[in-house]
Each structure stands twice: as C-alpha cells, then as structure tokens.
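Peer 1: Put chains B and R with the ligands on the given structure of chain U with help from the hints.
Chains as they are written, first to last, in our numbering: chain U, 1 to 326; chain B, 1 to 552; chain R, 1 to 304.
Simulated from the structure, these hints should not be mistaken for lab results.
A quick note: this is a predicted structure, and the numbers were derived from the prediction, not measured.
We put the beta carbon where it would ideally sit given N, CA and C, even for glycine.
Be careful, since some hints might not be right.
[To be verified] Computed footprint of chain U on chain R; a stretch qualifies when at least three of its residues, placed anywhere within it, have a C-beta under 8 Å from a C-beta of chain U:
id	stretch
1	204 to 217
2	220 to 226
3	295 to 301
[As the list claims (entries may be wrong)] Below, computed lysine to any residue pairings styled on SDA-like, alpha-carbon distance capped at 25 Å:
id	chain 1	residue 1	chain 2	residue 2
4	B	Lys40	R	Pro168
5	B	Lys165	R	Leu55
6	B	Lys222	R	Pro168
7	B	Lys40	R	Val172
8	B	Lys40	R	Ala167
9	R	Lys121	U	Arg149
10	R	Lys39	B	Thr405
11	R	Lys300	U	Arg149
12	R	Lys39	B	Lys40
13	U	Lys59	R	Val129
14	R	Lys47	B	Arg443
15	U	Lys90	R	Leu217
16	R	Lys39	B	Ala509
17	R	Lys39	B	Asn475
18	R	Lys47	B	Tyr148
19	B	Lys301	R	Pro147
20	R	Lys156	B	Glu297
21	B	Lys351	R	Glu38
22	R	Lys39	B	Gly364
23	B	Lys429	R	Glu38
24	R	Lys39	B	Gln300
25	R	Lys39	B	Glu297
26	R	Lys39	B	Thr271
Here's the letter readout for the chains.
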Amino acid sequence: MSLLEVQNLRAYFHTRNGIVRAVDGVSFSVEKGETLGIVGESGSGKSVTCYSLMGLIPKPPGRIESGTARFDGADLLVMSEVELNQIRGKRIAMIFQDPMTSLNPYLRIEDQLIEPLLIHEKMPREEAVKRAIRALEEVGVPDAARRIRSYPHEFSGGMRQRVMIAMALITQPDLLIADEPTTALDVTVQAQILDLIARLQRERGMAVIWISHDLGVVAGFCRRVLVMYAGRVVESGRVEDIFARPLHPYNRALQRSIPALQGKGAELYTIPGLPPDVSKPLPACAFADRCEFAQSECRTGEVALKEIELGHASACMRVQRGELNL
Amino acid sequence: MKPIFLVATVGLGLALAGCKKSDSPAGSGSAQSAKKGDVKDAPSRIDGKMVLLRGNGAEPSDLDPQLVTGVPEHMILMGLFECLTGQDPKDLHPVPAAAERWEVSADQLTYTFYIRKNAQWSNGDAVTAHDFHRSYRRILEPTLAAQYAYMHHVVKGAQDYNEGKLKDFAQVGYKVVDDHTFQITLVGPTPYFLSLVNHTSWMPVHLPTVEKHGKAYERGSKWTRPENFVCNGPFTLAKWEVNQFISIVRNPKHWNAAAVKLDEIRFLPITDQATEERMFRDGKLHVTDTVPPTKIEVYQKNSPAYIRIDPYLANYFYRINVTKPPLNDKRVRQALALAIDREGIVKFVTKAGQIPAFNMTPPGTAGYTFRSSGSAGVAEAKKLLAAAGYPDGKGFPSVEILYNTQDTHRSVAEAIQQMWKQNLGIEVKLLNQEWKVYLDSQRQLNYQICRAGWTGDYVDPNTFLDMWLTGGGQNETGWGNKEYDRLITEAGRTADAAARLELFQKAEAILMDEMPILPIYFYTRSHLISPKVKGWHPTLLDLHPYEHLSLE
Amino acid sequence: MARFLFIRLLQTLPVLWAVATLTFFMVRYAPGGPFTAEKSIPPEILKRLEAHYGLDQPLGVQYLRFLKNLVTGREPSIRHANRTVGEIIRESFPVSLELGSWALLIALGIGLPAGMLAAQKPNTLQDYVPMSAAMVGVGLPTFVLGPLVVLLFALKFGWFNTSGWNAPSDRVLPAFTLGCHLAAYVARLTRGGMLEVMGQDFIRTARAKGASGWRILTRHAWRGGLLPVVTFLGPAAAGLITGSFVIETVFNIPGLGKYFVGSVFDRDIPVVGGTVFFFAALILFFNLLVDIAQAWLNPKVRLE
Ligand SMILES: Nc1ncnc2c1ncn2[C@@H]1O[C@H](COP(=O)(O)OP(=O)(O)O)[C@@H](O)[C@H]1O
Ligand SMILES: [Mg+2]
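Excised from the complex, chain U in its bound form:
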C-alpha cells in the first residue's frame, strides 16, 4: 500500500469573480521513502494540491469538491480538525515557500521550534529545547544554543528556511511536503538547502513531495515527477523518462526554457502566451491556446491522462493517438 494515495482531487475557490478551479481532478501516489516532484508554472495548482491534503486551504472560499487522499489508509479530506491535528506536524510536515513570512515574528525561534514536540509528544520543555538545539545544529545553524533564543527577524532568509526545515523534521515525519522551499532564496543558498533536504531524507528514509516551478531543480532530486498545468496533471513518469522522452508539448516547452539544458549562446525559450486563468472556461486541453501542435479537437475532445509507456503517462490526445513525436 502506498503511503499516500490521492484520487481525483478537486479543490475550487468560490470567489466573487467566479469559481477558481485551482485543482481539477488530480491523482497520484507517494510510496514510503519515495521522492515525488510536482512541477508547473506558477498558478498551476501545486500549492493548493498540497494545502488540500493538509487541510490548510482557507474555507471559505476554498472547498474540496471531490476526491480522496488516503494517508496510511485514512482519508485526509474527510477528517475533522482534531483528527488532522494529530497528523499535521507529526506524520506529515510541511515547509513553505517564503521563509521570511512563515515564521512567527512575535515568538522566539525556540518557542516555535519546540511547539511540535509540545503538541505531539507532550515532551517537557527543557527536553524539547535540547532536542530543538540538536535539530538546529543538524540543519547547520551555527551557535544553535545561543541563537535559538533569537527572534526570526534576526536571521537571514536561508537561516530561516533551515529553521523551518528543523521545525518540520523535529517530529520525524513520514512525509515532508516542501512547497518551493528554495524559490525565495538566492542561488548558492538554494543549493545548500536542496542538499540539506536530500541528506536528511536519505538519513531518515522519509517520503518527500517536492514542489517546484523549475524542472531543473526537480531533476536532480526526485524519482518521479508530475507535470501540472491549470490544475491538472498533464504528464507523469520517472524523472529520466520525463526528460528523455517528453510526452506532452507543455513538458517539452518547460524543458526548452531551462537555461542549463540549452546550448551555449542559444536564445532562451519562453512559452508564448499567458498562463491560463482557471476561473474562466478553458478548452478541453487547457494548453491548447499556447500549443504549437494544437488542433481543433484539442479544444473540444475528451482529455484524460493515459499511460503511454510503462509508468509514463500523458494527457495529450495527439500523443495518445501517436500523431506527435516530441
């Protein structure tokens, strides 16, 4: 049995300007100790997918319209707050994109770090503090015993993200959801954080869902990848397959826009057009408007994710019909 099994997840926001179909029928699974990458442009529904699992989307306006998310057999989507609170921060932990705003500015690092221990392990305070200092040392915060008494604003962005990681991992969770943890950081720090999470994952054997808008980052780190577009999965597969044989025009376009993969001097490719507005009616294949291969039935026909080769699925109907070789 998979650690996490998500089926047909739909999360909509009912706003004044219409229904935002942020996540519109997403299915995937994560095995114990596995690393799953989710990539896609900003706004494609990656974060909302994860927040839905954690019960963190604001309700209202958000609503889970359909789906199941079985974590160790129990459906996260129907759990009460009290039940969820026993899993959140204990068995599933999360790291957020912006370390500058994700820590409470009014509380000392210490109080925030030990909170999961106090909540979930009912640990005495002194012991929790000792654990917290060790956790800080593990993520590479120097002079941890002293700096644990600081407030978040006394830390740099990278250091804050390390604190976030230490805080997420302090209860030894089975699954870590990392929502673009490096996006807000500068490049050298990005690499350090990436290495840190990779190392900790290896040491602890936990599963990781790694979210990024950058295929390149995912490539070096994940075993399997989901490519999302407009709230749907358009391609999924092992990371080598995704790169070696893209099966969706969107995936191919994404790869062409990674600088490192392009030949020196080649002009950097950008996908034409704008990301779709998921609160408006979209063509059957949401990418059709920006796709160089689009045909009229792309806009009207049935679109569904289908396995094309073993463990490698695509939602492009032209690929499915064998008309395209990307």
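Peer 2: For chains B and R with the ligands alone, coordinates are given in the frame of chain U:
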C-alpha cells in the same frame, strides 16, 4: 409706614447637622408615584428632615454676594444673607428683614434703617450698622472691582468713590448713626430704592471673616468655603460639593429661625435641561431651574400640576445698529417692527406662554404699563418701507440677523426672516455666533440686527429704560436722543410717583417711535415643581423667599 | 530601556510647549474675554478686573506667566473664584479617572471578545451579529445613547438613578454609555487586527504543525492582532480618563470633562491652559505606554 415685625425667636437648637448620613443630594427617601403622568414625586422628608431639592442651572462661580453676578448664585445667596429689607413672598414688595423698620425723609433722599437688635451672624456676632457700612464700603472699593457696584450708584458719592474720584469714604452717603441705626443718603429720589436694597449687591458680609481668609478689599479671599463661611440669613452654608450640590441648612442663630420651615435646601447644578427633566421625573428634584421647550406641552397635557409658567421681568428683543444704512432710517426700522407677527412667534415658536411685546418695559412693572399708540399693520409697514425708498422691498440691501448659537434663537430668527420676506419682500440672512463672540460683536456694533435679552435688576421701569441713554454702557445700538436723555434724567430727580411714571411714558414713546430695538416678547419663567412645595408664588423676578417655603 | 524612556520624555517637552503656546494665543485672540457678559461691565471696573487677573499686562508677560502657572497650577480660575487650576484638576480628575477606567474596562471586556469572535469566523453570523452591533455603537453618539439608557434603566425599570455620582450604582450607566461607544471601536479594531494576522503565513505554519485553534489564538495570533487596539487605546484612554463633556452633562457628573468645554466658553484662560496642558501631558504619557506595550508585544520594535 410698614408694620413693624418684632419676632423674638430663639433658635431651636434642633440637630441641624443635617447631612450626617446621606451624601446624596437627592437623598435616599422613598419616592411615591404620582397619580398622573409618569412623574415620581421627590420625597418630602429625607431622614426625617424637610429638604427642598432644587435644580439650579450652572455651578455657582462664588458665594461672595458682592462679587457674584449670576442667577444661580443669587438663588443660593437669598437663603444665606439678609439685606436691610426683605421681599414679600407673593409680590416681592419690601418687607422688614435685617432692619425691623425704616423711615424715609420727606424729600425721599434719606433712608434711616433700624436694625433689629436680635439680628445675628451665624457665628454669634451681632449684626450692626457697622457691618452694613463696612460691607458697602467694600463693594465700592475700586480695588475689589465688583461688577454690580453700580447698583449702589444711587447713593450720594457712591459712584465717585467707586470710580476712584472720591477718596474719602466718609463723604459717601452711608452713615452709622448708632450700632443699630443706619442711614443712607441718595443722589435723587429713587422710588424703587427699598426693592433695590435686597439685591445681592446690598447683602452685608462679615468683614472680620473676609479679612481672616484674604484681603478685605481684594478678590481672592477664601472666606466663602463652607468651613469659613459666616452669614446672617435664615440658612447657613453646610456643604459645597463642586459640580454636585450646595447644601444650606436652617440657621439657628437667625432671628426668625422658628418661622423657617425647611430644614435644608440642596441646590443641584444641572446645565442640561433634559437631564434636569429626567431627574425631576425620577423624583430627585422638587423644583427645576427650567423646562425643556419640547416638554412644556407634554407636562401641560399630562401633568399640569407639575408645571408652572409665570411672567418674568425680562424681555426678548432685537437690537438694531442705527449707525449704518439702511437701518439708520427710522422708517425702515418701523417697517421691520410692524412686519413681525409676535403672536405667531409666541404661539408656534417659543410656546411657553410668552407675552408678545410691542414696547420695552413689561406691562405692570411697579404700576407702569406703556400706553401704546395702537399698532398699525403690515400695510403701514409696506408704506413706510416704500417711503424709505424700497417699494415692495426692491433694492433693499442685504441685512443680517445675528444671534448666539441656540435653538430657540435660531427658530425665532427663522420665523422673523420668513415674516419679513412675506410681508415686506426683503431678504435677510442669519448668522449665529458662540456666546462670547456674539457679545463681543454686539458691543463693537459689529452687527446689523442682533438678538438680545434684558432682565430687570429691580421692579421699576427705570431698569428697562435708563439703558438707552446716549452712550450708555448697555445701549449698544449707536442710538441716542437728547429729549429721551432729558426725560430719563428728570425722572431720576422726580419725587412724585405719578409724574415720574409720566416721564417714563414720554421717554418710552420716543424709544418706540425711533425703534433702535424691535421688541418681540416678554419672557416667562417655567419650572417643573412638585405640588408638595408650598408657598411658591409667581413673582416677577422669579424669586421665592425660602423662609416661606415648605414641603407638604 | 531607561534611556529610551528618557529620550521619549525629552521629545515630549517641545510638543507640550507647542500645545500650551497654541492654546494661549487661541484663547487670547478669541473674541470676547472672561468678563464679557450680557450686562456689560462699566469700563473702569473692567479695567481693574483685568488688572487683578494680570490681563492688562503686555501679551509677552502674560504668556510667560501662563507658562509658569501651567507648571505650578497655582493660578486661580476666573470663572470658579477661589479655586486654583490645580485644585480643580485635583478635585475632578479622580472622578473622571474612575469613570474612564470603568468605561475602559467595559470597552475591553465587550470589544475584545466580540472582535475575536467575529475574526474567528469571518462573514458568518458569528461575525455579522457582533459587528452590526459595533456599527450601531460607533454610529450612536453618547448624547443619544446616554439619555436612552437613562430612560430605559433608570426611569422605566428604576434600577439606577437618572444621574449623579454618589451611590456606587451611579457608575453603571455612564460607564456603560461611554464604554459601549468605545467597545464598538475596540471590537472593530480587534476584528481587523485578528483577521489580518490570521491571514498571515505564519499562522498557516502553526496550523501545519498541528496547533489547535485555541493555541493559535493564544500563542500566535493575539500579539499581532492586538497591536492596532493597543495603538488606538493610548490616546483613547487619555481621552477617556480626562472626562467626557457629554457624559458628564447628561449624567451630571462632577468630572474634569466639563472644564474643557466650559473654560473655553468662559474664556477662563488659566483653566483652559491647565486642562489642555494636563490632557496633552496625559496623551503623551499614554503614547509612551503604548510604545512600551508595543515593544513588549512586538520584538521587532524592541530592537529599533
Ligand atoms: N485563497 C485563494 N482564493 C482564490 N484563489 C486562490 C486562492 N489560493 C490560490 N488560488 C488560485 O488557485 C490557483 C492555483 O494556485 P497555487 O496552487 O498557489 O499555484 P502554484 O502552482 O503557483 O502553487 C491560482 O489560480 C490561484 O490564483
Ligand atoms: Mg505555490
């Protein structure tokens, strides 16, 4: 001439420390429900004592009778001090008080007062002629700068002394004949003199006490604090809780203490009419200071026994600045006066039984009622205005009515604005100013037409007419008339009562022909009053000597 | 901290001076004077009166004396003969302080929970009910609410006196009237502050850690959520404890508020100066308290 009162009384020595328990000015006695309306009657006894609870307007500025100027202070001082003469409770005619009798010389210039031998100060000292002599010197001392010193100016030499022109007080017309005989010599015959001397400015003060707590002839003595206070009236000052209440209790040392029925009077400073009315309805007051205009009809309909509206010696009028066109033309002023529907104003605007006024002096003031030449109508007003060059109001320059910011004044001004527009076809603007700004504008003749009011200082036409003398301090219209001045001055020298009133008739006729003022109505005073209060008679000055009041 | 306080106190001096100066010249240049009355005073008397109160001296001399008296409070009032400004404030301030404190307590007691409740479930009944009440509270001036509660609770039910300041129960209606009005502001600010905080990323972090709603409120949200209330409360509290003219008039309470308005109408320069100066000093003092409270609530401020 007057019956001599010789009432020897000994203070009852009754436990008078009337406020040993309840600090509440409204007491704790249970209140019964009234039969009509939803008014609760204030209790007639608090802890077994007869305590009158009275709304009293603004917080008194002081209780030094020679320095205060306001009505609230007057109301309290009436109980604390006794002048040479007192006032009859029904019509306020002078009656014996500190003086048990008096004599007037044939030329009406010399008054001899015989001070009763048993008159005492609240500290036990005898009240003597010396007390009056020293007190009257004090109020006239230039250094004291007493605002109401002018009330003494009828006395020979008083004005000169007050203005510093005369240095020797012995030359002023006050004379101690012996300990109990006090003589006053006047400048001219003053028929209202015996009424004048019971004004606050004629109250004696206990100078040793004044000097003990400050300087005798300067402001700032702390003698009026309750712990220092010495007085000679039927009541003494028991408590002064600032902005809460002033309590005066029966003075056992007073010569007439046995006749005083009230044990205590509490004066509550309440500036808000609506608050006062609610307190009255809740049985916390026997008498209010005022009635909110909106409540007059309600009480008249539902609880008529609880409201009193009585004529008052005051009038409501508009001053006209006669120094500037177009109002320097008497015909214009006359036209404006004729075009006001006074009946309409008192009936629909002010609504408290005011009397429409067509002249300055309230009718029946000390036997004087102005003989009106009969009032012409709007047609005449139009003719006058046309004669002045403004037929049907055409070409009439913009004119402004100034009033101090208050609802009633605004309503009256709006009504008059409307009447002038309708009757004369002229447009006037309204301008309201804060009280002191308005007073200042008025004083500086910085207005065209200006709302005004005047309350008589004593019951005599003179108090309404001598203010219009050319250049008089209260004139404030820029108007003056030689013949008018002559008539008023002559009236001040005339001993014969009938001849004197005739001079006033002539003078007022000039005033009403020249119209530097537009009379509108004569005031009334309205009170909410519990039917339990006995001995409260309508009087022109709204004064109700407390010796005669009681609670049923 | 001591240094911080000292500097802040030093900074207040020029403000106080400016307030005092402005007050002096404004009252001095307003038309009419302390002795302007319906019955005008003979000019000789007026001259001597002004001399007695030093109003005949050059403006500069008067101004300096005014400044000196602000500090000593020894100047006698003109309107209230025989009482110095210091005495007036000493007598009436305790009353206003007591009334204001009760009102503040009521305002916080009602406003904070109402605002918190509303912020818990925005745009639901739990939000609409207290917030509509707050709208009414803000919109309903005390001179309307005051008489209303008197009519109801004093005259109709007979539970309280209509006015006065004697029995302990006399505090209830005025404190309630004053407090209600303020409670409305507190509720709205609390709601706004709490909503703002509850939408912040770090609250999401706390939820992701498995913190309960209660824990989030009591550990994570309240400090930030209450900052606007605290900022508002400084000047509001200073205003509250120096008395409200309207409340004192409606309920006939011997507080300080009457003097603020009365002394201006009376052109009672010493009292105008004294009360305004006192009020300004209190505002500055409370703003200092606010700064301290903010520093305590918010570590970022503490550093700066
Ligand atoms: N609270 C919200 N209310 C309305 N729309 C939202 C909300 N949160 C996210 N969305 C919308 O959902 C869509 C997916 O957002 P998100 O999952 O954050 O994208 P990303 O892939 O960049 O993480 C976007 O169109 C976004 O505007
Ligand atoms: Mg995102």
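Peer 1: Between B:Lys165 and R:Leu55, does the CA-CA distance stay at or below 25 Å?
Peer 2: 23 Å, holds
Peer 1: Are R:Lys47 and B:Tyr148 close enough, with their CA atoms no more than 25 Å apart?
Peer 2: 14 Å, holds
Peer 1: Mind checking the alpha carbons of R:Lys39 and B:Ala509 for me, to see if they're no more than 25 Å apart?
Peer 2: Measuring from Cα to Cα gives roughly 24 Å; hence the hint holds.
Peer 1: Does the alpha-carbon distance linking R:Lys39 and B:Gln300 stay inside the 25 Å limit?
Peer 2: 33 Å, violated
Peer 1: Can the restraint linking R:Lys39 and B:Glu297 be considered satisfied, given a maximum Cα separation of 25 Å?
Peer 2: 32 Å, violated
Peer 1: Between the alpha carbons of R:Lys300 and U:Arg149, is the straight-line distance 25 Å or under?
Peer 2: With a Cα-Cα distance of about 14 Å, the restraint between R:Lys300 and U:Arg149 holds, given a limit of 25 Å.
Peer 1: Take a quick look at whether R:Lys39 and B:Gly364 sit within 25 Å of each other, Cα to Cα.
Peer 2: 23 Å, holds
Peer 1: Just to be careful, I want the Cα atoms of B:Lys40 and R:Val172 compared with a cutoff of 25 Å; is the pair within it?
Peer 2: Given pair B:Lys40, R:Val172 holds - Cα atoms ~22 Å apart, limit 25 Å.
Peer 1: Take the stretch 204 to 217 of chain R, compare each residue's beta carbon with every beta carbon of chain U, and decide whether three or more fall closer than 8 Å.
Peer 2: Our answer is that it holds, as 11 residues pass the Cβ test (under 8 Å) against chain U, meeting three.
Peer 1: Holds or violated: are the alpha carbons of B:Lys40 and R:Pro168 at most 25 Å from each other?
Peer 2: Measuring from Cα to Cα gives roughly 22 Å; hence the hint holds.
Peer 1: Hint check: R:Lys121 vs U:Arg149, CA-CA at most 25 Å. Holds or violated?
Peer 2: Outside the cut-off at roughly 34 Å; violated.
Peer 1: Would the pair B:Lys301 and R:Pro147 pass a check requiring their Cα atoms to be no farther apart than 25 Å?
Peer 2: 22 Å, holds
Consistency with the previously given hints fails for numbers 6, 9, 12, 24, 25, ordered from lowest to highest.
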